[in-house]
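Chains A, B, C and D are the protein sequences, given in the same order. All residue numbers for the first sequence refer to our numbering, where the first residue is 5 and numbers rise by one. All residue numbers for the second sequence refer to our numbering, where the first residue is 156 and numbers rise by one. All residue numbers for the third sequence refer to our numbering, where the first residue is 38 and numbers rise by one. All residue numbers for the fourth sequence refer to our numbering, where the first residue is 324 and numbers rise by one.
Among the hints, erroneous ones may be present.
[Unchecked claim] Covered stretches of chain B, as calculated for chain C (at least 3 residues, CB under 8 Å):
1. 488-500
2. 965-974
[Unchecked claim] The calculated lysine-lysine pairs, modelled on DSS-like cross-linking and capped at a C-alpha distance of 25 Å, are:
3. A:Lys291 / C:Lys189
4. B:Lys970 / C:Lys47
5. C:Lys47 / A:Lys98
6. B:Lys281 / B:Lys328
7. B:Lys281 / B:Lys295
8. B:Lys611 / B:Lys1121
9. B:Lys359 / B:Lys177
10. A:Lys276 / C:Lys170
11. A:Lys96 / C:Lys185
12. C:Lys213 / A:Lys98
13. A:Lys290 / C:Lys189
14. C:Lys51 / C:Lys134
15. B:Lys238 / B:Lys970
16. B:Lys342 / B:Lys354
17. B:Lys297 / B:Lys177
18. B:Lys935 / C:Lys185
19. A:Lys290 / C:Lys47
20. B:Lys297 / B:Lys611
21. A:Lys291 / A:Lys276
22. B:Lys970 / C:Lys51
23. C:Lys134 / C:Lys213
24. B:Lys1063 / D:Lys409
25. B:Lys281 / B:Lys378
26. D:Lys416 / D:Lys469
27. B:Lys177 / B:Lys1121
28. A:Lys290 / A:Lys139
29. A:Lys96 / C:Lys47
30. B:Lys177 / B:Lys611
31. A:Lys98 / C:Lys51
32. C:Lys185 / A:Lys276
33. C:Lys213 / A:Lys96
34. A:Lys276 / A:Lys138
35. B:Lys238 / D:Lys409
36. B:Lys271 / B:Lys342
37. D:Lys482 / D:Lys433
FYI, nobody ran anything at the bench for these hints, they're computed from the structure. The structure displayed is predicted, hence computed values, not measured ones. Cβ coordinates follow ideal geometry from the N, Cα and C atoms, glycine included.
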Amino acid sequence: MSLKYAYFPGCSQVSSAEEYGLSTEAVCESLGIELVELDDWNCCGASSAHMTDEFLSAALPGRNLAIARETGLDLLTVCAACYSRLTMSNAKIKSDDALRERIERAVGADPRFEGKVRHLLDVIVNDVGIPQIKKFVKNDLSSIKAVPYYGCLLVRPREVCFCDSAENPTELDLLISALGLEVRQWSYKTDCCGGSLSLSRNDIVQRLVNRIFERAVEAGADLIVTACPMCLANLEMRQKPGKLRFEQVFTVPVLYFTELIGLAMGLDGWEKWLGAHLIDPFPVLKKIEALS
Amino acid sequence: MNGKIYETQTEGGKSERVYSSKPVGSVMVIGGGIAGVQASLDLADLGYRVYLVDSAPSIGGVMGQLDKTFPTNDCSMCILSPKLVEAGSNDNIEIITLAEIMDITGEPGNLEVILKRNPRFVDIDKCTGCGICTEHCRVKVKDPYNAGLARVPLIRVPFPQAVPGAAFIDPTKCLQILKGKCGECQKYCPAGAIDFSDKERTDKIEVGSVIIACGFSPFDPHKTEEYGYGTYENVITSLEFERILAANGPTGGHILRRSDSQSAQKIAFIQCVGSRDSRIGNTYCSSVCCMYATKQAIIAREHDRRIQSTIFYIDFRAHGKGFEEYRSRAENEHGVRYVRCLVSAVKEMQPSKRLLLVFINEENQFVEEEFDLVVLSVGITSGIDALATRLGIRVNSHGFIQVPKPASLETSRPGVYVCGAAEGPKDIPESVIQASAAAGSASSLLCPSRGELTVKREYPPERDVRGDEPRIGAIICRCGTNIGGVVDVPAVVEYARTLPGVVFAEERLYACSQDAQVWIKEIIEKHKLNRLVVASCTPRTHQPLFRETVRLAGLNKYLFEMANIREHCSWVHMDEPGLATEKAKQLVLIAVKKASLLEPLEEGVSPVTPVALVIGGGPAGMSAALRLADAGFKTHLVEQEEELGGNMRHVRMTLEGDNAREILEEMIRSVMNHPLVEVHLTSKVASIEGYVGSYTSVIEKCANSAGRSNPDIESASLGDDVSEDGTVRVDHGIVVVAVGAEEYRPKYGEYMYGLDQRVITQTELERRIFDEPESLEGVKNVVMVQCVGSRNEEHPYCSRICCGVTLKNACELKKFLPGANVTICYRDVRAYGFNEEKYLDARERGVRFVRFTQEDQPSVSAAIGRLEVVVKDRNMRDEAITIFPDLLVLSCGIVARGGSRELASMLKVPLTSDGFFLEAHVKLRPIEFATDGIFLAGMAHYPKTIRESIASAQAAAAKAEAVLSKDKIVTEGIVARIDPEICSGCGQCIDLCSYGALEFDPSMRVARVNPSLCKGCGACSAACPSGANQLLGFRPCQIYAQIEASCALLEAGGQ
Amino acid sequence: MPDSVTTIEKEIGKRIGEKPWLCYQCKKCTAGCPVSFAMDLMPHEIMNLLRWSASDRILASSTIWLCASCETCSVRCPNGIDIAGVMDALRSISIDKHYRPGEPLVTAFHRSFLAGIMGAGRTNEPVLIGIYKILSGRLLDDIGLGVKMILKRKIKPVPRFVKDRAAIRRIFREAKARRTK
Amino acid sequence: MMSEARGSSVKIPDDVRIVAFLCNWCSYAGADLAGVSRMQYPPNVVGIRVMCTATVSPYHVLKALQMGADGVLIAGCHIGDCHYLKGNYMTYKRYLILREILRFAGINEKRVRLEWISAAEGEKFAEVIRSFTEEVREAGLSPLRKNEVIKSEFGEKLKNAFRSLEVVK
Ligand SMILES: Cc1cc2nc3c(=O)[nH]c(=O)nc-3n(C[C@H](O)[C@H](O)[C@H](O)COP(=O)(O)OP(=O)(O)OC[C@H]3O[C@@H](n4cnc5c(N)ncnc54)[C@H](O)[C@@H]3O)c2cc1C
Ligand SMILES: Cc1cc2nc3c(=O)[nH]c(=O)nc-3n(C[C@H](O)[C@H](O)[C@H](O)COP(=O)(O)OP(=O)(O)OC[C@H]3O[C@@H](n4cnc5c(N)ncnc54)[C@H](O)[C@@H]3O)c2cc1C
Ligand code: SF4
Ligand code: SF4
Ligand code: SF4
Ligand code: SF4
Ligand code: SF4
Ligand code: SF4
Ligand code: SF4
Ligand code: SF4
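Construct all of the structure, not just a fragment, from the sequences and the given hints.
Rendered as structure tokens:
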């Protein structure tokens, strides 16, 4: 199987979640996944477009799909929100001709993307495969206990997502344990963290985020692993609202699964990625002998 | 019936059936759950040979796994096990286990069934169920009987009360069968019953008809992922919980969390798991789970007072007899909390493994609560798709077997019938009713061949032993090592030989084996024995066998006594062999002492008048009459009104969507034209006397038929001065009570009924929709109010059918006036079973629903010429909704007929406090009375749909047919007898009898027993101060002898 | 669509093909919704009110804006109603009909977000936060956080642009045209 | 305990002996289940099968005590489960009267026990036998097995009990 994809980085991965973007590129390179960045891609509109305007929610990703169509490759993304928007709009465009026509008119290209929209987690677990991943592992991370956090966008809606279950997905669990960490059981894998309300109603979001941390701590986790930049940002930023001071109650770090793969594989650059986190992961990493 | 085989020709009032070929007098029943077992027993009783086929190693079905049953909390096994034993020991029922049906060919009456028998690897005839093999098998699998909660060896008796009670090998992992490397069990089996060469084989069996009773599969909750079944250990299914509650289950009845075996204190039940859920395609209601959850919550509490249960539900479906009351007892007496909110997901807390549920309570507050155990009330799904496809039998969209004709249980395949949960979700009594009805259907197809394939044993004449000195034979069984391994059997034999009256004593390895029976017969004859004692296992399973042997040896079968030295001795005192031997001796002594006082008992025989009396000419009464007449019995049908039809006259469309008018007219035509049915219109039964087999009744004309709902007028019409010519006297053998019930008539002014002509009942609405649709034109707003006259103080029960009828009428109204707003004010929408789809249809059509409570009923007023209904919506924080309807339709409940009480006292049968007739046993005898020969059909029992009423009538008819088709009735030998010489006529015993078997004879001034009615409980005898009343077989002198023998060793010790 | 479903229900049916009138008020959506505790009308109440044409209450509610689109309700509704989709549709109807948003801060956020895209074709946090602060009037919120983010290089001062911004503008224009139609 | 016994002669037990009246439909079946499940309990009990506990009159119980039984157990279906509809209600009433009588006559009423044991309650049956055996052991051997004085005193008490039974009737 050729592992070559058109790559849609998504806005966060080139700005606030740069460490996600960088670790993705590094991991892909070492696993032999070839990424061809989509030419002149635009923001998929994330939650705001689909929450307010049906057309925008289909057309913004539609433009990316139109560009991807030209590449003849499958389209890879790492952001759960982008993934969800791209898949949904792809499905909509294909089933609604009038909509497709309007998008085509606005974008100036045919948005009927023939390939598949993929999330990197899907590719790593299902195309590269867990046994293959195990072969690449160099550092022993077994002293660390982690909980997987999928968030809501990666698993829903059920019909379009790659995860095996909308309630109890296991892809990330499998990956983490393949990387040698101890996976702790918890029930909050797919609970919503309130990402889209992050700026506007942080009182609500704080409650959701704190609960996720509390449960992770109860589950005995040293680390939360995620596959979505919105989740990560929200978890890191929204434990406690502050105007002038930024407070953190929970010190459980949140890492991208790509960072973790990089760490396990001993790829260059992990210190830089991890240094970008608001919750300092280094105290936890002290547990790992190979790194100290 | 089926024209192919025979048809009914009516010529000058004489009917004759013409058969193209004679049907085969046997029936195959597929599935040995309660439905299949009941159908088999009924068929055998009706005179047919039965093949009872089950794919499992034992019959019993799901009921065999249940702990208790709602709403009586009867122990499930206690009431089921006797039926299993009965089926197992019936000569005319052949039980075929581990078998599958591959194909059915042929015509109704002459079917050929291809059967695949899977190997059992144990010879049923040789295996004694000793369980020794089980101890030696090292390979364990999940125990299906315990819903997978325990692990058991591959070779085992499926469960203690299994029938057949023989072991089987689960071959999937057997080392010997797979690899030829074990065979341990075979080495140890004392009976040499294990045979590894057993092979799968295919049989062909000729039968006249087939009944499918394959039951259901519980829904697999892995599919409702949000509840975490399979992921969280403390989330279990209701069937698993049933096993946890069971005293013989994996935890011995202790309610423990699975994660740590600590006792669970807080339990949550989540309802509708896999039911009423269009995500997974099950858009029907499973009908039983609301009630079984309530049952489980009550039982849990009985096990441990600290347990608190919460049931999360959508609509609470307590639509059966006694259900509503059961639910309120659960709430008020057992502290069960009901929350009308479906929890969204189950979360497992760490590290406690408690389960967190979030819900909103009735006050609309968010509650987060932790529970120890979450029980998923899994629904009932069809488990027979594959079979149905193989047999080419039509199923409905959910895979349950369809019955195309409204008044029949025949499947799309003529001659093949269905009953029980295979036809749709239902509880035990409904399964039992359908089973009897299906048996009756098969019987009416096959009745020309009744009795042709059944075996009837020939017995030698009985030797008269009265007055002879007792010559007792004592046989002590070793039961392999079961008894012999603990009890010193030779010592017991020695001891027995010393006892007075014992002229013969020997041991046997297996006293119950077939060759032992031959031997026993020989020794009885050779040693001229006149009493037999067998010391072996429990009389509950083996007494019938030995009695039979005794009888075949020419002795009265009551001259037999058993000592249970296995279950009550060797198995329970395994560590004390010396004491066990002493106890065995004592048990033998007790049996011998009783045996010497045994006397031959006579089984009463009374003749049967092959005539039926059916009271009530509604759909139930007519169906019963037709069935009985079709079976060839003259039937009197008594109807107080001028015309037949009962409540069905007001129904235009059945709940299933059939044309009720046409069905009714067809039924009336058949009844009126049937040469064997004599219809007595405008008539009532004035008096009734006698007992099963021979009743005499007087039927007289009603003076005033209009007074049917007024009990005062009714009793007036039954006064003494009835004119001679209207009166008929009939002799009959049985009675079917089918007097139905009636619609509750709202009180004057209740919801403005009677005050405003826009306020009508559902019956009136139905009439207008179908007969005068033009009168509804221009109607824009319709409000319907549920539970009028039901579920309140006066009528505490749910009327069962009104929700269905309302949904039906709402849909019909919307079909015809799509723009109208229809609003249904409900308390719970009780659309049980497939009615749920009607509920879904109503919502699809835009019908609105508002939930109110008993405390806050909708209020109705009329102002400025328009009706105003104000109802507070419980789902919307009690926000009041105001509607100005053009029509207000009251969904009135069903109430018992005023005249029922009088009839009940005439028949000496009981009524419930609600005035409906009370059946013999709520679970297993729903269509019989405790009094033999009187049967119950239709709404006289409880509100029912037309279909249900007809099924129950057919069931009652089948039971009645079994009585009428016998030339005589044999009654038990164990009955009370009153010696008139001694009886002081005090009458103490008379009221004690639950069966009305005792009467005061004023002429002799003594009490008398009617042996045809007596069941032999002995309650009366125990109360008799003079000792005149004695229970035969358990006479005081006999029991005293046993007591004396029990203490005999002590007596010796005192000296 | 049945004749007697309400106008707003029809509108939803038309936009997203859902049938909220199938709801039987089991409250499962509400029980599982992460934000329902903060809503003025709970999700099941929205479903109920749709049946009674209570458009004004629904469209002015905080609920439709607080819904985080997590779709928890949608995957679990036993009647297969895509409640999250209904919420999307209601938001969009509410905008089309110029309802005063029940949750002004949330709408301000969405407007900021889309304004950012309309200008640059991509989202950039400082621009987003800047616009949001102006629109919401919450100038001082999150200052502490902002400092930390700059230290952690999370905030990149220079926005990146899409080259073909004309196409992006065409998309927004088309969206607007459809709305006003 | 009873001494080891061999051969045909019955050796003399010096432990308590309990007579148990078991109804055919529930408790006898419960005892069967205890057997099938190999639940071990003391061998001090011998069962007498009756069709229904309603067959057991107070006379039977007194008779057993008179014959020297140390304890008498009556066990039947749970209330509501009676095979004969309401036989066990009657038993319950009679039992209450019987206890009154025993108390009145000065006989330790702990020697008599009524239990509801269903066909599924094998463990309960075993447990009842265990606990009742202990209880009867506490009450001691029947006075009838003691010296003549005690014996005749007890005989007198029993006679009183029989007489009061007549009166109650
Ligand atoms: C947890 C739970 C609790 C319940 N509690 C109660 C209660 O308290 N009261 C009550 O009234 N009801 C209760 N019910 C409902 C009750 O179990 C059913 O009404 C009843 O079991 C239906 O009986 P049946 O004979 O139709 O089917 P089943 O009991 O399912 O029996 C079917 C039989 O057919 C056999 N079979 C299946 N397929 C084949 C085949 N292809 N070939 C041959 N044989 C086959 C099976 O082995 C089985 O023996 C409960 C149900 C559940 C799940
Ligand atoms: C308002 C209403 C609407 C219904 N709608 C539906 C529906 O849509 N679909 C559906 O499936 N079912 C419906 N049913 C139920 C259906 O009518 C019953 O299931 C069916 O009629 C019951 O039949 P039955 O013979 O048991 O009783 P009944 O129909 O009540 O018939 C009993 C008959 O016995 C007669 N009788 C009573 N006492 C005596 C006596 N002492 N001597 C002689 N005769 C006597 C009565 O006059 C009557 O004719 C409805 C019932 C009602 C009340
Ligand atoms: S032969 Fe099979 S069933 Fe027998 S003991 Fe061995 S594994 Fe068990
Ligand atoms: S050892 Fe033999 S007789 Fe005993 S249960 Fe097993 S197969 Fe049956
Ligand atoms: S409503 Fe129906 S499906 Fe749901 S739990 Fe109750 S009986 Fe079962
Ligand atoms: S009769 Fe004997 S061999 Fe047969 S089961 Fe009973 S005790 Fe065992
Ligand atoms: S309307 Fe009738 S069926 Fe429905 S809940 Fe009320 S009494 Fe029961
Ligand atoms: S023995 Fe029972 S059934 Fe028979 S007459 Fe006496 S009380 Fe009635
Ligand atoms: S989950 Fe679905 S059916 Fe239940 S209340 Fe919510 S919308 Fe209605
Ligand atoms: S999608 Fe909206 S309404 Fe549904 S659960 Fe999530 S936040 Fe609540």
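Quick rundown of the hints versus the structure:
Coverage of the stretch 488-500 of chain B by chain C holds in this model, with 6 residues showing a Cβ closer than 8 Å to a Cβ of that chain against a need of three. Remark: the stretch 965-974 of chain B is confirmed as covered by chain C, as 3 of its residues place a Cβ nearer than 8 Å to a Cβ of that chain, reaching the required three. For the given pair, Lys291 (chain A) sits about 24 Å from Lys189 (chain C) by alpha-carbon distance, which is consistent with the 25 Å threshold. Distance hint between Lys970 (chain B) and Lys47 (chain C) is fulfilled; the C-alpha atoms sit about 19 Å from each other, no more than 25 Å.
Restraint check for Lys47 (chain C) and Lys98 (chain A): the C-alpha separation of about 24 Å stays at or below 25 Å, so the hint holds. For the given pair, Lys281 (chain B) sits about 24 Å from Lys328 (chain B) by alpha-carbon distance, which is consistent with the 25 Å threshold. This hinted pair checks out: Lys281 (chain B) and Lys295 (chain B) have alpha carbons roughly 24 Å apart, not beyond 25 Å. Between Lys611 (chain B) and Lys1121 (chain B), the direct Cα distance comes to roughly 13 Å. Compliance with the 25 Å bound is thereby established for this hinted pair.
The suggested pairing of Lys359 (chain B) with Lys177 (chain B) holds, with an alpha-carbon distance near 19 Å, which does not exceed 25 Å. At roughly 31 Å between alpha-carbon atoms, Lys276 (chain A) and Lys170 (chain C) are farther apart than 25 Å, so this suggested pair is violated. Simply put, Lys96 (chain A) and Lys185 (chain C) have alpha-carbon atoms about 40 Å apart, too far for the 25 Å limit, and the pair is violated. Taken as a hint, the Lys213 (chain C) and Lys98 (chain A) pair is honoured in the structure, with Cα atoms around 23 Å apart against an allowance of 25 Å.
At roughly 21 Å between alpha-carbon atoms, Lys290 (chain A) and Lys189 (chain C) fall within 25 Å of each other, so this suggested pair holds. Of the pairs offered as hints, the one joining Lys51 (chain C) and Lys134 (chain C) holds, with about 16 Å between alpha carbons and a cut-off of 25 Å not exceeded. Restraint check for Lys238 (chain B) and Lys970 (chain B): the C-alpha separation of about 49 Å exceeds 25 Å, so the hint is violated. Annotation: proposed proximity of Lys342 (chain B) to Lys354 (chain B) holds, straight-line Cα distance about 20 Å (limit 25 Å).
Our distance criterion of 25 Å between C-alpha atoms is broken by Lys297 (chain B) and Lys177 (chain B), whose separation comes to about 48 Å. For the suggested pair Lys935 (chain B) and Lys185 (chain C), the alpha carbons sit about 64 Å apart, so the restraint of at most 25 Å is broken. Proximity of Lys290 (chain A) to Lys47 (chain C) is assessed by CA-CA distance (about 60 Å); at most 25 Å being required, the pair is judged violated. About 43 Å separates the Cα atoms of Lys297 (chain B) and Lys611 (chain B), which puts this hinted pair outside 25 Å; it is violated.
About 19 Å separates the Cα atoms of Lys291 (chain A) and Lys276 (chain A), which keeps this hinted pair within 25 Å; it holds. The hinted pair formed by Lys970 (chain B) and Lys51 (chain C) meets the criterion: a straight-line CA distance of about 22 Å does not exceed 25 Å. For the proposed pair Lys134 (chain C) and Lys213 (chain C), the alpha carbon gap of about 13 Å is at most 25 Å, so the pair holds. A distance of roughly 16 Å separates the Cα atoms of Lys1063 (chain B) and Lys409 (chain D); the hinted pair therefore holds under the 25 Å criterion.
For the proposed pair Lys281 (chain B) and Lys378 (chain B), the alpha carbon gap of about 44 Å is over 25 Å, so the pair is violated. Under the criterion of a C-alpha separation no larger than 25 Å, the hint pairing Lys416 (chain D) with Lys469 (chain D) is inconsistent with the structure, at around 32 Å. The hinted pair formed by Lys177 (chain B) and Lys1121 (chain B) meets the criterion: a straight-line CA distance of about 21 Å does not exceed 25 Å. For the hint linking Lys290 (chain A) to Lys139 (chain A), the alpha-carbon distance of about 24 Å falls within 25 Å, and the restraint holds.
With a C-alpha separation of about 20 Å, the suggested pairing of Lys96 (chain A) with Lys47 (chain C) holds against the 25 Å cut-off. Between Lys177 (chain B) and Lys611 (chain B) the CA atoms are separated by roughly 21 Å; this keeps the pair inside 25 Å, and the hint holds. Between the alpha carbons of Lys98 (chain A) and Lys51 (chain C) the distance comes to roughly 18 Å, so the proposed pair stays at or under 25 Å and holds. Under the criterion of a C-alpha separation no larger than 25 Å, the hint pairing Lys185 (chain C) with Lys276 (chain A) is consistent with the structure, at around 16 Å.
Straight-line distance between C-alpha atoms of Lys213 (chain C) and Lys96 (chain A) comes to about 20 Å, which keeps the hinted pair within the 25 Å bound. Taking the CA atoms of Lys276 (chain A) and Lys138 (chain A), the gap is near 24 Å; set against the 25 Å cutoff, the hint holds. Between the alpha carbons of Lys238 (chain B) and Lys409 (chain D) the distance comes to roughly 21 Å, so the proposed pair stays at or under 25 Å and holds. Under the criterion of a C-alpha separation no larger than 25 Å, the hint pairing Lys271 (chain B) with Lys342 (chain B) is inconsistent with the structure, at around 29 Å.
Restraint check for Lys482 (chain D) and Lys433 (chain D): the C-alpha separation of about 18 Å stays at or below 25 Å, so the hint holds.
Consistency with the previously given hints fails for numbers 10, 11, 15, 17, 18, 19, 20, 25, 26 and 36, ordered from lowest to highest.
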